[in-house]
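K.L.:
Chain by chain, the residues:
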Amino acid sequence: MAIYEKLETRPAPLGVSGPVKWIKENLFPSPVSSILTILSLVLLYYIVPPLLNWMIFDATWTGTKEEITKHGARWIFIYEKFNQFMYGFYPENLYWRPNLILGLFVASIVLFKKIKHIKVRASILILFPIVSFILIHGGLGLEVVPTTKWGGLMLTMVVASVGIVVSFPIGIIFALGRQSNMPIIKTISVLYIEFIRGVPLITLLFMSSVILPLFFPEGVTFDKLLRALIGVTLFQAAYLAEVVRGGLQAIPKGQYEAADSVGLSYWQAMGLVILPQALKISIPNIVGSFVALFKDTTLVLIIGLFDVLAMVTLTTSDPHWLGFETEGYVFVTMIYWIICFTMSKYAQSVENRFNTDHK
Amino acid sequence: MKEHKKTVKGVAFYNNPKIRAIIYQILALAAIFLFTYYVLHNMFINIEKRGINTGFDFLGNEAGFGIISTLIPYTESDTYGRVFIIGILNTLLVSGIGIFFSTIIGLLVGIGRLSKNFMISKLCLVYVETFRNIPILLQILFWYNVVLAALPGPRQSMSYMDAFFLNNRGLYIPRPILESGFMSVIIAFLIAIAAVVYLAKWAKKKHDETGEEFPVFWTSLVILIASPVLVYFVSGSPATLEYAQLKGFNFVGGWTFTPELLALSFALSIYPATYIAEAVRAGIEAVPKGQKEAANSLGLKNHIILRKVVLPQALRVIIPPVINQYLNLMKNSSLATAIGYPELVTLFAGTALNQVGQAIEIILMTMAVYLTISILISIVMNFINAKIQIKER
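Chains A and B, in that order, are what the protein sequence lines are. Number 226 in full-length UniProt numbering belongs to position 226 of the first sequence; there are no gaps in the numbering. Number 280 in full-length UniProt numbering belongs to position 280 of the second sequence; there are no gaps in the numbering.
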């Protein structure tokens with residue numbers, strides 16, 4: 001019987017857990033990976049500290065233009081022009097009107113979840129756009145503000161929300177049309193969708209701003225903003241139609257058959273059975289196309305509307321504030337980034353919620 | 001069956017779904033015809049009242065304006081028809097540049113996001129989330145009005161090896177001037193390509209028969225580079241480089257990339273790359289993990305797994321959204337008009353429209369070009385899609 005000598009107990013290996021192990025596994029697992037990590041750190045070293053210095057530590061926040069001594073960002077420019085970035089040329093004493101709309105919007109979102117009554121919900125949905133329009137435009141005793149005075153982030157929001165709200169029913173109708181059994185209806189829908197999706201938004205904006213007035217009798221005038229809204233809505237409807245079509249295609253055939261066998265009419269079947277499910281599936285993509293629309297609203301500056309991006313050019317051409325483009329662009333970039341990032345994160349969270357349903 | 005017919009007979013004709021469908025369609029067509037008639041009728045009246053010219057005769061007229069960068073020769077005495085062509089060519093040029101660079105960046109970033117290296121994957125994530133959420137028009141304007149405008153003037157321009165110059169007038173790089181003997185270099189290159197194709201086929205056959213690997217990639221690379229270079233020197237260097245040189249207040253000679261083209265190229269590469277990166281990531285993630293594990297357990301090397309197991313399956317998922325991005329990129333090149341780069345929209349729907357005033361013809365022609373390119377790309381997409389789909393019984 002062989003006798004084996006017992007090995008000495010060795011100490012436990014060092015760093016099998018904790019930060020050391022994490023760094024080894026995630027930052028320096030192999031030579032190539034280590035080099036990449038070091039290169040990334042060098043890159044960050046050259047980008048992050050100077051950026052932070054410019055944006056925060058060396059920045060001038062308050063005071064007057066003449067007091068600027070540091071090399072950082074001069075945020076006093078934004079401070080000075082903030083109202084123009086937000087409201088354009090909207091009369092200063094009437095700022096409360098767009099502000100009130102924003103307040104109402106937030107309030108109705110909060111209330112909407114609590115109200116279970118479907119009729120109250122529906123009336124909020126219908127009343128909100130009407131009240132907003134009267135508030136922002138005037139009428140009914142309120143002083144009228146012509147659309148030429150609308151501008152800044154307020155105008156961006158008007159274009160985006162009108163585009164979203166109006167294009168929604170149109171998009172659904174074209175999506176249904178594309179899925180329809182009626183050949184003529186189907187052809188019309190396909191032609192519309194493919195034509196609009198095949199050309200850049202800017203050519204549609206040009207078309208609605210240059211050609212549209214020719215289509216109507218001389219007395220009929222279209223305001224510049226309305227023309228832009230028509231272009232944006234036509235565009236968005238085509239993209240939304242494709243998104244909804246995706247949802248419609250995902251509905252099992254049995255659902256259609258079930259609705260038929262219960263004896264529902266086409267519109268009943270669509271409105272009560274098919275569309276609610278199709279729209280629910282499409283929510284992430286619908287939000288995605290809203291984000292795209294929100295980014296695309298910047299194009300209205302090309303046909304001469306003063307959205308929040310166009311405000312950079314306008315405010316920096318003020319003789320007293322020449323040379324502040326960088327601050328202006330960075331500020332507008334942050335506005336867009338925050339809004340779009342929030343929206344796309346929301347879309348992702350919805351997508352994840354639906355994903356867990358299936359798995 | 002009989003009963004069913006009976007009930008259909010029993011109901012009023014307007015409740016018969018078939019007849020109703022026909023009525024709906026006739027109504028829809030009638031509405032469209034009436035609307036079109038109304039619109040066209042008004043249009044003709046308006047055209048007559050305002051004395052607007054119609055027709056496409058203007059295409060033969062002299063344009064009379066200069067264009068800062070063109071791919072084919074152009075002078076102010078050329079026609080609007082030529083302006084139209086130049087616009088299309090410049091649109092294709094910027095779209096091509098954008099597609100090239102956004103594909104490379106998108107591939108790298110998409111693969112980087114899946115990297116096990118924490119720094120790399122997070123940096124790629126930050127890249128995607130940053131640039132995807134900023135409107136592309138804003139990016140174009142930022143590059144043009146902030147970054148490129150901040151570059152020094154020609155006299156203080158940044159230079160690299162006295163051959164490449166960058167200043168606020170643009171980027172200058174040496175231009176090769178080909179002499180007559182250069183044809184032989186091109187022929188050598190073509191022969192090299194043919195040789196590489198033959199080599200690849202031979203290597204595959206050998207691998208199939210004997211299982212031996214032949215380093216096809218490196219051999220091909222050597223053949224492709226060495227043979228034209230060799231012929232180039234043997235035939236007495238039949239090409240020279242023309243360097244840009246500072247003359248007076250500006251650089252002359254060489255190839256010039258104007259700030260407009262640079263800003264547009266940056267934006268059209270960086271923005272679509274975020275979407276391409278996401279498509280690449282989604283495609284690779286869509287390959288079942290078991291496939292990689294199976295390949296691993298066979299003892300295949302990592303790059304072989306990537307090339308022969310993962311990529312062929314991932315590409316099926318990647319290609320359709322990427323081609324959609326190419327389409328968007330091509331349409332977004334129209335934003336060049338915001339900074340005045342002379343592509344189709346700037347030249348034709350902008351300058352030419354202002355001079356000629358024939359909005360209907362010009363806008364429709366412009367739209368037709370984009371529509372044609374879109375349709376062509378879709379056809380190619382469907383063709384590729386059909387080719388890479390898994391063949392099932």
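Hints listed in this document are in silico derivations from the structure and should not be mistaken for laboratory results. Please note: incorrect hints may appear among the correct ones.
[To be verified] Only part of the chain B face toward chain A is listed, based on derived beta-carbon distances under 8 Å:
id, residue
1, Val39
2, Pro135
3, Ser334
4, Val345
5, Ile360
6, Leu371
[To be verified] Under the rule of at most 25 Å between Cα atoms (straight-line distance), these lysine-lysine pairs were calculated in the BS3-like manner:
id, chain 1, residue 1, chain 2, residue 2
7, A, Lys21, B, Lys122
8, A, Lys119, A, Lys21
9, A, Lys24, B, Lys116
10, A, Lys345, A, Lys149
[Said to hold, decoys possible] Far from chain B, by Cβ distances over 10 Å, these chain A residues were calculated:
id, residue
11, Trp54
12, Ile202
13, Asp318
14, Ser344
In this text, a Cβ means the ideal position worked out from N, Cα and C, and glycines have one as well.
K.L.:
Does each hint hold? Answer for all of them.
P.N.:
Hint check:
1. Because the smallest distance between the Cβ of Val39/B and any Cβ of chain A comes to about 4 Å, under 8 Å, the interface hint for this residue holds.
2. Because the smallest distance between the Cβ of Pro135/B and any Cβ of chain A comes to about 4 Å, under 8 Å, the interface hint for this residue holds.
3. Contact between Ser334/B and chain A, as hinted, is supported at the beta carbon level, the nearest pair being about 4 Å apart and thus within 8 Å.
4. With a least beta-carbon distance of about 6 Å to chain A, the hint placing Val345/B at the interface is held under the 8 Å criterion.
5. Checking Ile360/B against chain A: minimum C-beta separation of about 6 Å stays under 8 Å; hint holds.
6. The beta carbon of Leu371/B is positioned within 8 Å of a beta carbon in chain A (closest approach about 4 Å), and the interface hint is therefore held.
7. This hinted pair checks out: Lys21/A and Lys122/B have alpha carbons roughly 19 Å apart, not beyond 25 Å.
8. For the given pair, Lys119/A sits about 59 Å from Lys21/A by alpha-carbon distance, which is inconsistent with the 25 Å threshold.
9. Between Lys24/A and Lys116/B, the direct Cα distance comes to roughly 11 Å. Compliance with the 25 Å bound is thereby established for this hinted pair.
10. With a C-alpha separation of about 33 Å, the suggested pair Lys345/A and Lys149/A falls outside the 25 Å cut-off, and the hint is violated.
11. No beta-carbon of chain B comes within 10 Å of the beta-carbon of Trp54/A; the shortest separation is about 12 Å.
12. The claim that Ile202/A lies off the interface is violated: its Cβ sits roughly 5 Å from the closest Cβ of chain B, which falls inside the 10 Å cut-off.
13. The non-interface label for Asp318/A is consistent with chain B: the shortest C-beta to C-beta separation is roughly 16 Å, beyond 10 Å.
14. The Cβ of Ser344/A does not lie farther than 10 Å from every Cβ of chain B; its closest approach is about 7 Å, which violates its non-interface assignment.
Against the hints set out earlier in the document, violations occur for numbers 8, 10, 12 and 14.
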